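Protein sequence lines correspond, in order, to chains A and B.
With our numbering applied, the first sequence corresponds to residues 1 to 516, in that order.
With our numbering applied, the second sequence corresponds to residues 517 to 827, in that order.
There could be a bad hint or two in this list.
Said to hold, decoys possible - Derived, one-sided and incomplete: chain A residues facing chain B with beta-carbon distance under 8 Å:
no.: 1; residue: THR148
no.: 2; residue: HIS155
no.: 3; residue: GLY220
no.: 4; residue: SER275
Because the hints were derived from the structure by calculation, they are not lab data.
Predicted model only: the values in this text are computed from it and were never measured.
Glycine included, every Cβ here is placed at the ideal spot set by N, Cα and C.
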Amino acid sequence: MAHGPAQGIRRWLYTTNHKDIGTLYLWFSFAMFLLGGVFALVIRAELFEPGMQIVEPEFFNQMTTMHGLVMVFGAVMPAFVGLANWMVPLMIGAPDMALPRMNNWSFWILPFAFAMLSSTLFMDGGAPNFGWTFYAPLSTTYAPPSVTFFIFAVHIMGASSIMGAINIIATIVNLRAPGMSYMKMPLFVWTWLITAFLLIAVMPVLAAVVTMMLFDIHFGTSFFNAAGGGDPVMFQHIFWFFGHPEVYIMILPAFGVVSAIIPTFARKSLFGYSSMVYATAAIAFLSFVVWAHHMFTVGMPLAGEMAFMYMTMLIAVPTGVKVFNWVATMFKGSMTFETPMLFSVAFVILFTIGGFSGLMLAIAPADFQYHDTYFVVAHFHYVLVPGAIFSITAGVYYWLPKWCGNMYNETLGKVHFWTAFIGLNVTFFPMHFAGLSGMPRRIPDYNMMFADWNMISTVGAFLFGAAQILFLFNVIATIRSKRPASDEVWDRPEGLEWTLPSPAPYHTFTKPPPLS
Amino acid sequence: MSTNNEVVEHETYYVPEQSRLPIFASLGLFLTVFGAGRMLNGSDDGSMYFFVGALLFAFVLWSWFSIVIAENMRGLNSMQLKRSYVIGMGWFIFSEVMFFAAFFGALWYVRSLAGPWLGGEGEGGAANPLIWPGYQHEWPVMNTPDMVANGDKAKILGPEQSMSNPGLSNWASWLPFWNTVILLASSVTIHIAHSALKSNKRSVFNLWLTVTVLLGIAFIILQIEEYVHAYREMGLTLESGIYGATFFLLTGFHGAHVTLGTFMLLLMLLRSILKGHFKHDDSFGFDAAAWYWHFVDVVWLGLFFYVYVFA
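Can you make the complete structure from the sequences, with help from the hints?
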């Protein structure tokens, strides 16, 4: 175990080291973030003015689809898995992930899967054009031939996610240092344990639904075809049974990240630790029984509308507990606002805005007005961009000194934060207004009355995109810099990871650490 | 691993330094699905990618399992590492449960909700007279909405016969009943084998594991016979409406899992007979295959009652 990393490219291809694999995940997800971002900028450029300017409507549809797929499966999920790979073993005092070779396999499936998915852009008939939710029959009867490759890409990235999740559960359950009981685990570990459970529960359902699509397309089955006794709405039910837990898969680890950062910069312990754990579990449980709130306008029985509406509104309770706890942690704390803290505070405020617009959408009769408008786009981008993306960014700034041993440039970090913060609000806040006044989503052209809001959104989107270049520059500059970070990095942060030297040695905790 | 302090090393959690397996497993998996996609989309070179990928994938898995077995033989696997394998297998089976749950859920939804709405029941049925006039829901769906509404011009035809329960008095000549008997018996035989292994009776273990494998093969043969019968004589195919779709996907994926499970048990049998693997307190490979077999068995019970008996 005394070995350092192997030399050259083989280190990365053959590695079994959780830190190497975490790094691979994080760089891959950043590459996908830029790719998905370019797709988003194509969308925003087309929508800068009413009328058709830059792309054909058909290609516009491919952009909305690929933007969603790449961001969800390529950027956000792998980024959190990367953070888990790096931090979970360090936080629980484990020598590595429980199943190190499978860990590498989970990662290396992804570049292949996304190469295949991206290659559909160059196929006859173009890339998938049916939205990231790929509703049947748009994704079956009326789909381009490339849908076959989309389906197989989803299959193998699903296999990757399941193996990754199994690894995380095995690590947390089996490799905690002696004395670290479940209720002593850092909240990031807790949120990932629950997220991994969600992944194993719903990724197979996604695999099943794309398999049914595959059979409808190529083998003449009638799952989503009423003429044969099937039902296209069934697609939506199965998809969202996966899809709703999926959106929590993308936010629960974010809760864990900010729950690590806010106490450090408020210089107080996390307020209400156990209620945080229970709230996370409650949110995960509820995520299985709210899926049809995505389908209020599809023609469900009234009893279904009511049940899903109330269950959805119930989620506001545990989520409110969390927001309250973060605020209470900051209350009367000795706060400082380094870059990770700025991103975390922005997370709490902006994620709450996304939560409130979600609550508006949860009200079934009101949703009939909002459904499929830019209000929905505004809502989930407020949850995902300042939610998932900001928390990942905060996590990177928070732990980067531990990973590479150097301190990042604080000024550049703050410039990055304010550019991103202003950019995202300028992009997404106007979408609320465009949506409430009736602008439909996934349309390349629009009525003149929406012109102003769209122009503002596009300007904001390019600003937000530019902010990510700053981020990239700052991270590379930090890795190459000669500003060593101390072992603790911050002002007496909590957690085993800060007991290690900076940078963290290649192998850590080969013997479990003693816990105080 | 260093050599001078073997004993101490073995007490720690074994982390292999480097491995070529994962990257080649990923490549094999990718080529397999890429080839399958090209085959389905009508490219001539698809089958080449598919077979090269599948061979590579199979070879990598073979090497992977060999290496893991060899590591265990060398005593590298601590009790803690073995627990990781157990946890991993348990959650893998849970993921399989959820995969089947999606298909069972789909069957329930079309049988009990979407079907009646198509047939005009309740508020959800308002569109029936407009789109599928005359369609009445019954399960199995023998006459598809397409047939009822469009007569001779219908493209999606229902089956001529269904696989449903022929009445208790006819069970003796009903294949699904015998398949149920076979799988339930195999669950007992594998349990006997497991108990024999725990009490170090190698020959008893080999005997009952052989019986289990034979029962698995018998199940697969009967299932193939049922499919041939369905396609040739009952007009029941993947294309015969929602009944054919749900029937073949549920029983087909189950059959594929039985095949995989039988293959796993066969490998365990060969490991035991040819190599003398497994000890009373160290038999994870066999244990995992046995849990998988029990899981496949439970899924069948669900199928037997929900797809065949109460249909």
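Hint validation: HIS155(A) versus chain B, beta carbon distance must be below 8 Å. Holds or violated? Cβ of HIS155(A) sits 6 Å from chain B, so the hint holds.
Evaluation of the interface hint that places THR148(A) against chain B, nearest CB under 8 Å: 4 Å, holds
With a cut-off of 8 Å on the beta carbons, see whether GLY220(A) makes it to chain B. Because about 4 Å separates GLY220(A) from the closest Cβ in chain B, which is inside the 8 Å limit, the hint holds.
Would the hint on SER275(A) stand, with a C-beta cut-off of 8 Å toward chain B? 27 Å, violated
The structure does not agree with numbered hint 4 stated previously, though it agrees with all others.
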